[in-house]
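Student: In case you want the letters, here they are:
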Amino acid sequence: MNRIRKFDLYLLERFPLLWHTKICYMLLYSVLLSAVFYLWGFFYTNQYHINNRPVNLYFSDSYATFFLVIFFIIGITFWALSYFKKSAVKNFYPLQRFYFTKLFLNFILIFWSLTWPSKTFNWGVNQKVKTLASLEELQQAIKTINTAHAFLPESSSDYEAKHFLATKYPNVEWVRFNKTDSIWNDDGISLLESTRNGFRDYIPEEHPEATNNIEGVTIQLLQTKKEAMIDTCNQGYHTVVTKSLKYKDLTSNKFYDLRNYEKELISSDHFDFPEYDLFQSYWAQIHNRYGNRYYEYYYDDFQSVKPEINKQVNELLDKDSPKAISEVVNQYQHFLKKYGIHHYLEPDTILNYLAKHPNAISQKTIVSVNGWGIESKRLRRNRFPSFEAYQQYRNNKDLDNDYLPAYFVDRDQVKQLYRNVYDANFPYIDWEYLFVILIISTALSFVFILFSFSDLLTLLLAIPFGGILLVLNILCIVFLTSFGIHENFDTKISIHVILFMTLMYGLLFWFDQSKKVHKRILNITFYLCFLLTAFLPHALLFLIDNLFKKDLISSCGNEYTQHTVFFYWLPDPLLSLLLPVAFMLLFMKFIRPVISKAD
Amino acid sequence: MNKFQTKINQCRNHLLNQDIDLGFRRLVDCVLDTQNLDLYSHIIEIVSWYDENPADTETYLDKLNTLITKLEQIEIPDSGFDQTLITTKDLKKQYPRSAFAIGPIDIELKAGEIWGLVGENGNGKTSLLRVLAKDLQYDQGEISYESKLEKLDSYNLRTQLTYIPQRTPKWYGSLKSNLKFTASQYGLSGIENELTVLMYIIRFGLWKFRNHVWNELSSGYKMRFELARTFLRKPRLLLLDEPLANLDVLAQQVVLEDLKNMSQSLSNPLGIVLSSQQLFEVEKIADKLIFLKNGKPIYVNQNEEKEAVNEGSQTILEMDLEIEKDKLSELLAPLSLQKITYNGGVYIVHIDKAGCINEVLQILINQQVPIIYVRDISKSTRRFFIQKQHA
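Residue numbers (our numbering), protein chains in the order written: chain V, 512 to 1110; chain S, 2 to 392.
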């Protein structure tokens, strides 16, 4: 207590502004709160949460948001009561250089610091995730998981020959009948064929010689090549059929075959974290130049061909060792148990069944993707003497809902576990969140700066005045834009806004110089101008862009607008924050003359 | 002998005459004049010691005399006095939507001077103070400040023109922390801050209350706190609106005496304008007086004892007697009695003869009239506070 008193005295005697704003105590409050929230995050997180919910949702899931808001309000209330009990400005004490700038930055830091607990909560969560799930172990398990799933059939489509062919022959297009096998399915495929006059759409019906019949399935296998478009105004590529191929020439695999499997539940490069510096990470998130993965890294791996997993599965099958396969599946089951992933498996039963019934992969699901109705599954399954009997019964039934797959692995939990471990081990700066927080802190600081030198009544009176001016402006803009051509819309608005701002600044100057204008009117105008100043830089950039932008027509006849560089600055969050703050700081130079003006 | 030496001699004499409190206050003023932190520490040590040993007056006096000996070795020139701090010329303030106006006011206030501002309620005293403090706009005339102040921007000028309103706002925290905050805002840091604050705490008799909060102080001590805070600011011009209101008689005397002494500070001679209803008390310390009647000024120069408004060679007496008005008229008739008015429970007697209070008293004693009090207000602004007699 004595040390605190000494420290307080030290601040009071040497740094009156820091003493007055109580920033040290507020930072201490924030740090303590952050520590509490770190522990909260740490102890809230458990294996169940890791497997089921994204780590970034734990903050709201645990009601920590609610408590942070309460602690924020409590902290700010007590702080404000303490801060507004004294005022160097209202007492006309001498103010140190850049007093309001320092005060403003103090406020921003205080408000921002009170949001730190939301970050430290996540640090606590991340630490717990790292404790519960080892990155190295999960990295090593990827191969086991992906290989094991080949022997835990969920969908027959996973075993279709096209997957295998895609791994071997990237330029071979696969065209087959639709589900009803009545017409050729051209969904998503736009193929062309060469003719004397150029290109035309490839129509499978016109090429019966290309049709293959494999195990009752009608397909065409077409070798293609990419050709650049001739039209320079429509750049891109055509996919042109060069020749048809025979299935038997490409593979000896069956149409539905374990050897075709190439699906990855977890991408083999899942933990490859892109190395970005601060600027790149900012650019990647804000301007999305580096793709989505950086901040929303998860994507569906089914879209791309994975030859690696196909190779692993085939290697296992080539060994012709049921023991080796069983080992992989058992390892996977061990992994599931260790990490508490919801599942029900009998590996040997499943593998024996697959060995006995190779066609099972094209029939009813053996291992489903979730554990819905697990109890009823067990009940029904237990009515049958064996899994084989149960599965045979299911294969002959149309309604799968009555007799669900006997086994399941909650694949979503596996994915969630991997995603969360990735997020915990490779946290990134969430620029968007940071800017939102800083913008809110800046806005609150602006309000508190106003309260620092104003009386409450005048400040409250400024709100209806501002409202009236806003409505008048909107009416003016509506009136102005009701006439003339649509292209001038932005220009009219920008000119109107700048004219309005100029008028307000002019009035402020006039009121300040005049002896007749009531001080309250001057103050209200000042507050409104202060607020407008936050928008001034963007209004200026908007105006400059509108005055200098050019509407052009490209050589391909497309209309486009050539903007100035300012146009691209406008949406940048960093500039959206820094420019208004810089302008407001400049405007603060006028606070002292205005408040010291006689009534 | 310069002012500083005179002050030291006064201290010594007060202490010799066992007028310890007064002597001590003068001594603190002298130490403040030196602006020497070692001497500040010295006197603070003495006060701390005396606080713990209140019965040992002899040692206390020895310690004070030792300090006086130290002070005698220091020379401080008289400077800064007679410098004009503020001059107003034909200053007028008109109220919108009202016929009432203040002025024209002509003031020339010098450093070390005290001006009293008196007048009935609603005659513009507070407005005039606020105009001088740059807190209120004026309509006509000019206000000019001393060259150093003139160079300052409006905000910094107001840091030097300290206006204390009649009702001072509530403050929070301890008395000392508030003073320290003020001092640090005025650039006093570290040990200088601590010692200077303690000096003003001692000077204004707030030592025992230094850790008290607003609620724990009486009105008198609140005013003393305000004065301590104000003098920490080292103002060039101090404008006080009714500082004596809500103070008991003793507190009024102490505050006025403090103001008089502080205005004569050698380290920061300042000009003071104070408004008050306590006419006689203010007249005792003010160098000049402005009586505002319906916004119009009547100037009284106390030092020269010369009235700006020529009232002729009259004696005006304020008397509280147990006698009927007719009887009193009859008794004083031989003394060229001009008129007697009954004003607020007392008689105001106008006699067309200068300096005849002794003769009046003689008549009253001879006639065995019970006297409660008699005061000569011929040169006091009290004479302006006389109600008109209605038929």
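Calculated directly from the structure, the hints in this document are not laboratory data.
Cβ coordinates follow ideal geometry from the N, Cα and C atoms, glycine included.
Treat the hints with caution; some may be incorrect.
[As the list claims (entries may be wrong)] Okay, derived cross-link-like pairs now, SDA-like style, lysine to any residue, Cα gap no bigger than 25 Å in a straight line: (1) K597/V / P236/S; (2) K1027/V / Y187/S; (3) K171/S / Y187/S; (4) K601/V / N157/S; (5) K152/S / F964/V; (6) K765/V / I852/V; (7) K596/V / K90/S.
[Claimed, not checked] According to the in silico footprint, chain S covers these stretches of chain V (three or more CB under 8 Å from chain S): (8) 527-534; (9) 598-607; (10) 946-960.
Student: Looking back at the numbered hints, which does the structure fail to meet, lowest number first?
Tutor: Hint check: 2, 6, 7, 10 fail, others pass.
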